[in-house]
Amino acid sequence: MARTLTKSSKSLLVEEYITRLEQGSALLDDSPQNLLEVVGILKSYGVVLDAYSINLNYIADTQFLKLFPFFKYFNGEVNPNTIAKFMLHDRINYEYAEYCMKGMFWHGGGGLDTYLDTPEFAAETERLIKAFYRYNPLLLALHKVFPDFLPEQMRQMAYYSALGQFWRVMSDIFINLSDSYDQGEIKSIPDVVQFVLDGLVADAALPIIYQIKLRGQEYNIIPKSADITFLMDTGVPYVEAIFFRGTPFAGTVSYNAQAYEIPYDLGMFNYGALYADPLPIGGAGIPPTLLMQDMRHFLPDYLHQFYETNSVRGLGDIRVQICESFQKSMFCVTTAAVKGLAPHPLDTQDLEEKLANRKYLTGWLNRILESQLIKVNSQKQ
Amino acid sequence: MLSALVLIPCLSAAIIGLLLPEKGNSPRKIAIVTAISVLVVNLILAFQFNFQQENFQFEEDIAWIEWIGLNYHLGIDGLSFPLVLLNSFLTLIAIFSTKPEIQRPKLYYAMLLLLSGGAAGAFLAQDLLLFFLFYELEIVPLYFLIAIWGGPKRGYAAMKFLLYTALSGILVLASFLGLVWLTEASNFDYLPLRSHHLSLATQLLLLAPLLIGIFIKIPIFPFHTWLPDAHVQASTPISVLLAGVLLKLGTYALLRFAVGLFFDGWLYLAPWLAILAAVSALYGASCAIAQKDMKKVVAYSSVSHMGYILLAASATTRLSMSAAVFQMVSHGLISAFLFLLVGMVYKKTGSRDVDVLRGLLNPEKGLPVTGGMMILGVMASSGLPGMVGFISEFLVFRGSFPIFPIPTLLCLVATGLTAVYFLLVVNKVFFGRLTEGLAQIPPVKWQEHAPAFVLLLLIIAFGLKPDWVTHWSEVQAIALLTGS
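First to last, the protein sequences are chains A and B.
Heads up: the first sequence begins at 0 in numbering that gives the first Met the number 0, then just goes up one per residue.
Heads up: the second sequence begins at 0 in numbering that gives the first Met the number 0, then just goes up one per residue.
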């Protein structure tokens, strides 16, 4: 549960954290344990993101407009062996990737969201639909009767693709980070933040393109000319949708509108990764359980050993421990994003630039300080 | 052979208490071997038992103190066999659920075995005075088990238990002495005394103290107040025996002696007893709703569910008498199961307060298996189909309704309230977000859950196959009613 701060204590904390960021520190306290947890968990996250991105791109490229994509999690490998593994749950939980995709799709924001409502997108989608169902008069007739249904499916596919491409890059950043840590180049939490920031900046302008090939024809659902970029049009909406807003987990809050437990305004949502309570992980209706379940298979040995000795339950509550580490790592990624999007370098000595930065940081910190950050930083290590 | 069921635990108790060193694991090991041996003897007897025979079987009759008419007369029939089996089984469960590092293990296990032997003797005794001796014998070890290994107010609870049950014993003895004196019998042998020709007024005169004594033991409202205190202060294994075996001594005495010896008087009082049963069931359920201590909830549920046995016994139909025996077994298993689970919660969290505990079903950091079993226990106690509680309550209500419809309907309300108070507990304690202070509770090992698992298996097995229990007591139920 996020702690509620009084106005005065919150403004003091905002000041404190602005100073930290200006001095080159991170939102997360720097400690050897935090460093071990963050780097270790980001390594396994990188491996999982790689798998997620492959599947998201596979679905976007080959499963579009299929009304019943039964084998969408098989990445094209449908045989008795993969089906048996799937049934025995010896697999990656791709459902979590879709959960994130839907979170982004629902909250929207950024250039991608805007582009999906343009006439260009509608025209290209219409062309694809007609080509795809060329020999299916029933669906073409249904498309005439319900003209919004199939384009909406393609909007969703655009998010599959965009998130797949975004995670493709992030996966590399996290695995490279782990390699650098293993080589002794990463020694502190600020080093982690700087590494992620450098990665984000390096790929900031990377174009997000969604092109489909069908019977020798190309369909540019998100063309390069749309100028959708990695950082501003995908990364920032992703952070907003997944880190900050999110969606409430089933069973943890009342969906009864009269209970007013869920705000009417989506902008007021604070159910994202930074706010999430790790304790219910493992329970029914808690989607991040799937991510934690996936990550536990790819933990580096040192982190596995840490979890074994860190809790009275040993590995019995490893998914909650992974979630706690994951949340810490997300504070580092958030720090990198906040630093990267700042109007001026945070160590500027120019007074006007400093004031502009402070205004910018205050806006972020007012939200971030309502998250689990204070609780995480107050834990004994 | 029957003597083995009494002597093996009593001799082992003597060996553990007098010969073994205080330190080491040997008292526990011997107690386990003893309990297993007794259970094996029970099972051997079970295979040789003739379900169709009305009379007592495997009888042992030795003159003991002839000038007062006391004989060492043991026998077993369909009424006592399920309870003897339950006693030996729950003794083993209680020993296994005792923490190995318990303080003063010699005295503890000696008392536990003495308690078990005393209860077995009471179930087997076919001599009224011998029954009384065993009935009194089990009070002593239980007093020490509560007074030494109990909770903070153990002294008060143990003394209250002692005073109430000692009074119960005096009343039972007075009734027995009166019966022998008025019938001018030469001894206290049970079967000859059944064929007395006492007037209704005399029977009522003798039945009244016997019933009060038995109602204290069962316990039935308003004689119940010792039970919640005893349960709350007793350790988990002792609560298991208290609920599973000791209370059954009262209900057994109700059927064997109150119905068996004073049948006309019983029939005369039956309508009033049925009303008392309904009041006790509703009172116990209402009190359970108001409790904050999980153990008290289970304790008051016992008061409520014991009312069903009184109702069934009051109805005195073939079905209701079988139902009373089934309800004894059912309650013995379910209450022992619930006490084990509440004990597990207390052991791990240090609390039984429903206002403190929350979210224990948390799959990673809570007690999900304990919580899952608790839900099953609640289902069983509430009488959901597929479990032993459903069969016992269905039989009780089906057997009693034609005779006492209003008290039966009131007891049906009480069984509805069972779901209310247990679901309140489960909802508060196990659902919701895990309390922050409980985020580091140690896990429960599988071996710690083993006794509860075994009980759960029996609860489900007897729920699916009730004739495994009912065929023990069918013939004997008829015999009680026909006076043969």
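Any given hint might turn out to be false.
[What the hints assert, rightly or not] Using 25 Å as the maximum straight-line C-alpha spacing, the simulated SDA-like pairs for lysine to any residue come out as follows:
(1) B:Lys444 - A:His303
(2) A:Lys353 - A:Val13
(3) B:Lys28 - B:Lys464
(4) B:Lys427 - A:Gln32
(5) B:Lys98 - A:Gly313
(6) B:Lys346 - A:Arg312
(7) A:Lys71 - A:His88
Hints in this document: simulated from the structure, not taken from any laboratory.
Verification of the hints:
At roughly 22 Å between alpha-carbon atoms, Lys444 of chain B and His303 of chain A fall within 25 Å of each other, so this suggested pair holds. Among the hinted pairs, Lys353 of chain A with Val13 of chain A is consistent with the structure: their alpha-carbon atoms are about 15 Å apart, no more than 25 Å. As the CA atoms of Lys28 of chain B and Lys464 of chain B are separated by approximately 34 Å, the hinted pair breaks the 25 Å bound. A distance of roughly 36 Å separates the Cα atoms of Lys427 of chain B and Gln32 of chain A; the hinted pair therefore is violated under the 25 Å criterion.
With a C-alpha separation of about 22 Å, the suggested pairing of Lys98 of chain B with Gly313 of chain A holds against the 25 Å cut-off. Between Lys346 of chain B and Arg312 of chain A, the direct Cα distance comes to roughly 16 Å. Compliance with the 25 Å bound is thereby established for this hinted pair. Between Lys71 of chain A and His88 of chain A, the direct Cα distance comes to roughly 15 Å. Compliance with the 25 Å bound is thereby established for this hinted pair.
Violated hints for the displayed structure, listed by number in ascending order: 3 and 4.
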